[in-house]
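These protein sequence lines are chains A and B, in that order.
For the first sequence, position 141 (counting from the first letter as 1) is numbered 141 according to my numbering, and the numbering increases by one without interruption.
For the second sequence, position 11 (counting from the first letter as 1) is numbered 11 according to my numbering, and the numbering increases by one without interruption.
These aren't lab readings, by the way, just hints derived from the structure by calculation.
Certain hints may be false.
Put simply, identical chains are the same to the list, so a pair is met inside one copy or across any two.
As the list claims (entries may be wrong) - Pairs of lysine to any residue residues, derived as SDA-like cross-links and limited to a Cα-Cα distance of at most 25 Å, are as follows: (1) Lys-70 - Gln-115; (2) Lys-70 - Ala-81; (3) Lys-70 - Thr-228; (4) Lys-70 - Val-86; (5) Lys-70 - Gln-80; (6) Lys-70 - Arg-87; (7) Lys-70 - Ser-210; (8) Lys-201 - His-57; (9) Lys-70 - Asp-178.
2 protein chains.
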Amino acid sequence: MCELLGMSANVPTDICFSLTGFLERGGGCGPHRDGWGIAFYEEGGYREFRDPHPSVHSPIARLIRDYPIKSHVVISHIRQANVGQVRLANTHPFSREMWGRQWCYAHNGQLQGWQDLPLSYYQPIGETDSEHAFCHLLGELRRRFASPPESPRELWDVLHGLCERMRGLGVFNLLLSDGQHLYTYCATKLVHITRRAPFGKAHLSDAELSVDFVEHTTEQDVVSVLATEPLTDNESWHRMVPGELLVWRDGEILARLGAFEG
Amino acid sequence: MCELLGMSANVPTDICFSLTGFLERGGGCGPHRDGWGIAFYEEGGYREFRDPHPSVHSPIARLIRDYPIKSHVVISHIRQANVGQVRLANTHPFSREMWGRQWCYAHNGQLQGWQDLPLSYYQPIGETDSEHAFCHLLGELRRRFASPPESPRELWDVLHGLCERMRGLGVFNLLLSDGQHLYTYCATKLVHITRRAPFGKAHLSDAELSVDFVEHTTEQDVVSVLATEPLTDNESWHRMVPGELLVWRDGEILARLGAFEG
């Protein structure tokens, strides 16, 4: 299984603390040695870093951990290969431009019959079920909406329907963003925490590192972090419910779409 | 004016030597302080690094210079902003997926009336004339060919026609790649050099650095480098002719399409 890490914040925030614990799982204390990647939506644009090597040995991971890139939305992924070789083209996150925005996607899980998911505007570059599912999902949104719908709720409903259909094919835990919203969908496992004033201290589960957020924040900051498993051992994380789609913006939950009735 | 750097090679090759001279021009000895970027096509896929800060001060530039990424095709760009703010979304290279391949593009020059170039499949994310022209160009190719044409010459002819039309709008020096081919089009200024056995020594024009390629190559290696201006001061570089499109593969020129008759 792969692992996911996401962030949504109302101020440009660096993710160095969470990332330090997360990347430890990439071949350090975890079995996820088949590459890792991270995407940042900064005020000025989008950038991503990907490496097909275990994150604990990656010079790029070291750079990212030490060079605080401040952003509103982050999506990161460490990989344990199931479908597709260990190579750069199969390394998450994946991204495509739609409606003049860069959409970024990372997936945890495995799908059955993914080869039959129809494609339209977007074609996979690598060989993974994950990228195929991403191209399908984005293509379906674009076929449905030639431009962003006036009511975002319409978009969220269609997205939720697509995620639910994907959950029918296997395990589909998802992080997706257009740079403004962070969409998180839970098929089996995804946890989140929102940090705001009064800020406290946190201690990583996977590394000997603590941080006192009071020293790094202002009263107005709202920073939410999502992960496959809790990253700290002294805070309480919320578990998402299978079938649930959360829409985040500026660190807050904008909408919560529940599982379809079965 | 911005500057371009490209490479096509028949073996995975690092570009550290050329890059050292090139990045010196980014706010060091040159006026190009408005960001820089580089894209690598490695055997396993595509990755790009972009930074809106001057390359001489960029920790990412330092990483790339010191961490030899070996690839067949490289496209790099340092920017002096003309159209569009200094921000990440306006930093070259730009990339989009077409036909299941990642296409990468960097442009040197300025265009008139670029806002009127029609768009179809691809929309710009930033505000530059360069990205708009890229979206136009790729969209036109995709409108013409739903999938890669059987005869690549057909594609090259259409691409050359599009470049020639763009040259009618101003200065359009171009590096473009699908990961296999490197397309280089000259409107005003682009030079190239092909290094092969017997290899010799080279000395950078912009930094006190020499390299003896004999120590880093085998007899079979063919490595071609393209740049806005020669990067070394003891080798002879070839100047491209305005209106000329060169198609490179594995370090060799596959095709040479001359300027349209006026």
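Point to revise | Hint check against the structure, violated hint numbers in rising order | key: 1, 8
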